[in-house]
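Given chain A's structure and the hints, the job is docking chain D onto it.
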Amino acid sequence: MNLKRIWLIALVVLALVAACGPAITTPVPSGQATVSTQAPTEAATLPTKTPVATKSPAPAPTQDPNDWRTLGSADAKITLIEYSDFQ
Amino acid sequence: MYPQIVKDYVDTGKIRYVFRNFPLSFHQWAQKAAEAAECAGEQGKYWAMHEALFNGQDEWTGSADAVPIFKGMAGTLKLDQAQFDSCLDGDKYAEKIQADMQEGSKAGVSGTPAFSVNGISLSGAQSFDTFKETIEYALAGGEAPSLAVAADSYRSLGEADAPVVITEFSDFQ
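Chains as they are written, first to last, in this note's numbering: chain A, 1 to 87; chain D, 1 to 173.
Next comes chain A alone, as it looks inside the complex (with noise of 0.2 Å):
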């Protein structure tokens, strides 16, 4: 009978041992290469203004740079088109 008690005490001791004891990690061979799959991150830095929001101006007139039927200012007030043929 004292042995048996010695042996479960014993059992119960290592069972706690094993539960308060370091994990077990799988040893990486030193060989081995690990290559990192994320580019390098710079270090965050802080912005150093509070961006403002700006009025952009007015869009110019375009004049599309193809358009070699047209002449006069972009910005004249009257426009007068001709629809027309050579012939």
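FYI, nobody ran anything at the bench for these hints, they're computed from the structure. Predicted model only: the values in this text are computed from it and were never measured. There could be a bad hint or two in this list.
Unchecked claim - Here are some chain A residues pointing at chain D (derived, C-beta under 10 Å):
| id | residue |
| --- | --- |
| 1 | Arg5 |
| 2 | Trp68 |
| 3 | Arg69 |
| 4 | Thr70 |
| 5 | Gly72 |
| 6 | Ala74 |
| 7 | Ala76 |
| 8 | Leu80 |
| 9 | Ile81 |
| 10 | Glu82 |
| 11 | Tyr83 |
| 12 | Ser84 |
| 13 | Phe86 |
The beta carbon of each residue, even a glycine, is placed where N, CA and C say it ideally should be.
Okay, now just chain D, sitting in the frame of chain A:
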């Protein structure tokens, strides 16, 4: 007419003059002439070809094949001949001209020449005085007139509140 408009109104910054192609189907060489002008345009000589085509109408309008004449004009204007010939033979600007036609049709154009001065339509060849009067009217803030049709007129057909009104100005002869 055109040089006077350019001198008095374009060169003084008062108006912008825009030419759009509207080659009529029964004008045999009008489409190809428009293409020739565009091909000259890509070499910076649109208005020179524009002038040459109008001034040389007698030479090419009745021709059995006007294309060689257009190519000759390109040579006279010192254009890159190979580039011009390739452009013209390849119908490079045919679609652009068709787009002009569609734009004109939407604007109500059915014959040539037709003009629009800030939306005020002028159909047919006009004197410089007519252009001057119209341009001055637009410069003074005038807008295209809208027609008021009397609902009880015995010369009207259809509902008075119809969304579209067709007005015919005509005589009986």
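Okay, the hints, checked on the actual structure:
{"no.": "1", "hint": "Arg5", "verdict": "102 Å, violated"}
{"no.": "2", "hint": "Trp68", "verdict": "4 Å, holds"}
{"no.": "3", "hint": "Arg69", "verdict": "4 Å, holds"}
{"no.": "4", "hint": "Thr70", "verdict": "5 Å, holds"}
{"no.": "5", "hint": "Gly72", "verdict": "4 Å, holds"}
{"no.": "6", "hint": "Ala74", "verdict": "7 Å, holds"}
{"no.": "7", "hint": "Ala76", "verdict": "4 Å, holds"}
{"no.": "8", "hint": "Leu80", "verdict": "5 Å, holds"}
{"no.": "9", "hint": "Ile81", "verdict": "4 Å, holds"}
{"no.": "10", "hint": "Glu82", "verdict": "5 Å, holds"}
{"no.": "11", "hint": "Tyr83", "verdict": "4 Å, holds"}
{"no.": "12", "hint": "Ser84", "verdict": "4 Å, holds"}
{"no.": "13", "hint": "Phe86", "verdict": "4 Å, holds"}
Violated hints amount to a single one, hint 1; each of the other numbered hints is respected by the structure.
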